[in-house]
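Peer 1: Residue strings, one per chain:
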Amino acid sequence: MATRGFTGRPDRSIDLPPGQHLVSDFPVLSAGPTPRIDTDKWTFTLKDGVRPVKSWTWAEFNALPQSRMTRDIHCVTTWSKLNTAWEGVLIDDILADAGIEPPTGFTLAHSYDGYTTNVPTADLVAGKAMVALRYEGKPITPDHGGPARLLVPHLYFWKSAKWLKGLQFTQRDELGFWELRGYHRYGDPWREQRYADD
Amino acid sequence: MQWQDATIARIEGRSPRVKSFFFRLPQPMTFRPGQHVLLRLTAPDGYRAQRSYSVASAPGIGPAEEIELAIEKLDDGEVSPFMHDVAEVGDEIEIGGPVGGHFVWSPDHPGPSLFLAGGSGVAPFMSMLRQRSIMGSRVPVTLVYSARTREELLFASELAGLASRGDGFELMVTLTRDSGQHAYRTGRIDAACIARIVAAIAAPVRQVLICGSNPFVETAAEGVIAAGIAAALIKTERYGAADPQAEFERQQHGG
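Those protein sequences? They're chains A and B, same order as listed. Note that our numbering gives residue 39 to position 39 of the first sequence, counting from 1, and the numbers run on in steps of one. Note that our numbering gives residue 214 to position 16 of the second sequence, counting from 1, and the numbers run on in steps of one.
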């Protein structure tokens, strides 16, 4: 049913996922204080269950093949931003450097502040996702998740975990921080999967 | 998501830019202080816009039949200008929720709790403090509330009333852009003022909740951490996406 008197923005012609609107700035949404992580102490660890497969220092990680992704991003709080330009390391290249094939179909991303989010492994590989180190040509600022954040642009942006510390393959689909608090386990913006029962 | 057609029962001006909308809910809602709801508008062609707003009213005892949302008008917004300029008492608006299980307060929390609110970020704290009052709680809570000017202070007399009871609730208001005569502190919150507030709380602070624009939350969280409180005790709720004011404040903070 239509809301009396509501017509919407005049500039809403762009093709966005349902319920989204464009912003020109880059809003910040985080559940806690912004952690400041020194790149001298930063490490990234790939785990299979509880077993560490490989860890990289900041220098080692920066020496991996660097790729670019320019994508639209969609936040569950309904803002979208078009053509955001990121550089970093594709998950495919991380796996190749570790010398493994994905051992399970489920992945849990871990952040330095204790945040977690679950993403099916299939949504991380085949060029779909990266660990981003740069945004619009510059190091990612702490409030936007620097020094390194996950980038899974085809899912709602809470899946693109800030302050990334590692990826862990899990036997089952283990829910992350927001997924345990009522948000959707997959989070496809085009199917408007915002909340658990959407 | 559970959606329902709520009816606007009352509209009350809270400041030049903020109005409270009181929605009557056909399906009474059980929520926790600090949670938010979604407000969804639908155009005749099916286009929809939705935004989330923290509930300002207390859950009370049993499911709430009415909720209060304090909505700030953002000039380049889509939902808030509609609510301010078009919506009227008697209109039906779709409401979904409640959502958000992180930025919440429970009367069972032993405290002391420190709340820091910037501007319209005071809304979720109103729900918490009203519920605390309904429950007759004496858990120590300090609210630091930063607004630009006296006329932009929301819920000023109600907060002053709650703070005058001597039941463990302390209020500290600071005005960032009001150099006139008033009884409040003047200036932005900073690490030094947060350190003094934390030092004045008798027992070690066990919970910190911060809500406001992103620059406000950043400054407040850094100050709280500098005052020796563990980051794990801090929860934040950041307002304001495409808000020119937030952008302005961000530039004022140099970053």
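A portion of the hints provided could be inaccurate.
With a straight-line Cα cutoff of 27 Å, these simulated DSS-like cross-link-like pairs (lysine-lysine) come out [what the hints assert, rightly or not]:
| no. | chain 1 | residue 1 | chain 2 | residue 2 |
| --- | --- | --- | --- | --- |
| 1 | A | Lys47 | A | Lys128 |
| 2 | A | Lys138 | A | Lys41 |
| 3 | A | Lys41 | B | Lys433 |
| 4 | A | Lys54 | A | Lys41 |
| 5 | A | Lys81 | B | Lys271 |
| 6 | A | Lys128 | A | Lys54 |
| 7 | B | Lys271 | B | Lys217 |
| 8 | A | Lys128 | A | Lys81 |
| 9 | B | Lys217 | A | Lys128 |
Beta-carbon label-pair distances, calculated as ranges [claimed, not checked]:
| no. | chain 1 | residue 1 | chain 2 | residue 2 | range |
| --- | --- | --- | --- | --- | --- |
| 10 | B | Ala358 | A | Val50 | 50 to 60 Å |
| 11 | A | Pro120 | B | Val287 | 44 to 54 Å |
| 12 | B | Gly299 | A | Pro18 | 19 to 29 Å |
Read the hints as simulated data drawn from the structure, not as lab findings. Note that the coordinates shown come from a computational prediction; the quantities given were computed from them, not determined experimentally. Ideal Cβ positions, reconstructed from N, Cα and C, are used throughout, including at glycine.
Peer 1: Are the Cα positions of Lys41/A and Lys433/B separated by 27 Å at most?
Peer 2: holds (25 Å)
Peer 1: Below or equal to 27 Å on CA atoms is what counts here, so check Lys81/A against Lys271/B.
Peer 2: holds (22 Å)
Peer 1: Given the proposed pairing of Lys128/A with Lys54/A, does the C-alpha separation stay at or below 27 Å?
Peer 2: At roughly 21 Å apart (the allowed maximum being 27 Å), Lys54/A and Lys128/A satisfy the hint.
Peer 1: If you draw a straight line from the CA of Lys271/B to the CA of Lys217/B, is it 27 Å or shorter?
Peer 2: Roughly 8 Å separates the two Cα atoms, so the pair holds.
Peer 1: Quick check on a hinted range of 50 to 60 Å for Ala358/B and Val50/A, using CB atoms only.
Peer 2: Once the Cβ atoms are compared, 54 Å apart, the range 50 to 60 Å for Val50/A and Ala358/B holds.
Peer 1: Between Gly299/B and Pro18/A, is the Cβ distance one that fits in 19 to 29 Å?
Peer 2: At roughly 24 Å between Cβ atoms, Pro18/A and Gly299/B fall inside 19 to 29 Å, so the hint holds.
Peer 1: Are Lys54/A and Lys41/A close enough, with their CA atoms no more than 27 Å apart?
Peer 2: holds (16 Å)
Peer 1: Check whether the Cα positions of Lys128/A and Lys81/A lie no farther apart than 27 Å.
Peer 2: Status holds; Cα separation ~18 Å.
Peer 1: Could you say whether the range 44 to 54 Å given as a hint is met by the Cβ separation of Pro120/A and Val287/B?
Peer 2: holds (47 Å)
Peer 1: For the pair we were handed, Lys217/B and Lys128/A, check the Cα-Cα distance against 27 Å.
Peer 2: With Cα atoms ~44 Å apart, Lys217/B and Lys128/A exceed 27 Å; violated.
Peer 1: Within 27 Å, alpha carbon to alpha carbon, are Lys138/A and Lys41/A?
Peer 2: holds (20 Å)
Peer 1: Lys47/A and Lys128/A: Cα distance at most 27 Å?
Peer 2: holds (20 Å)
Figure legend: structure checked against the earlier numbered hints; the only hint not met is number 9.
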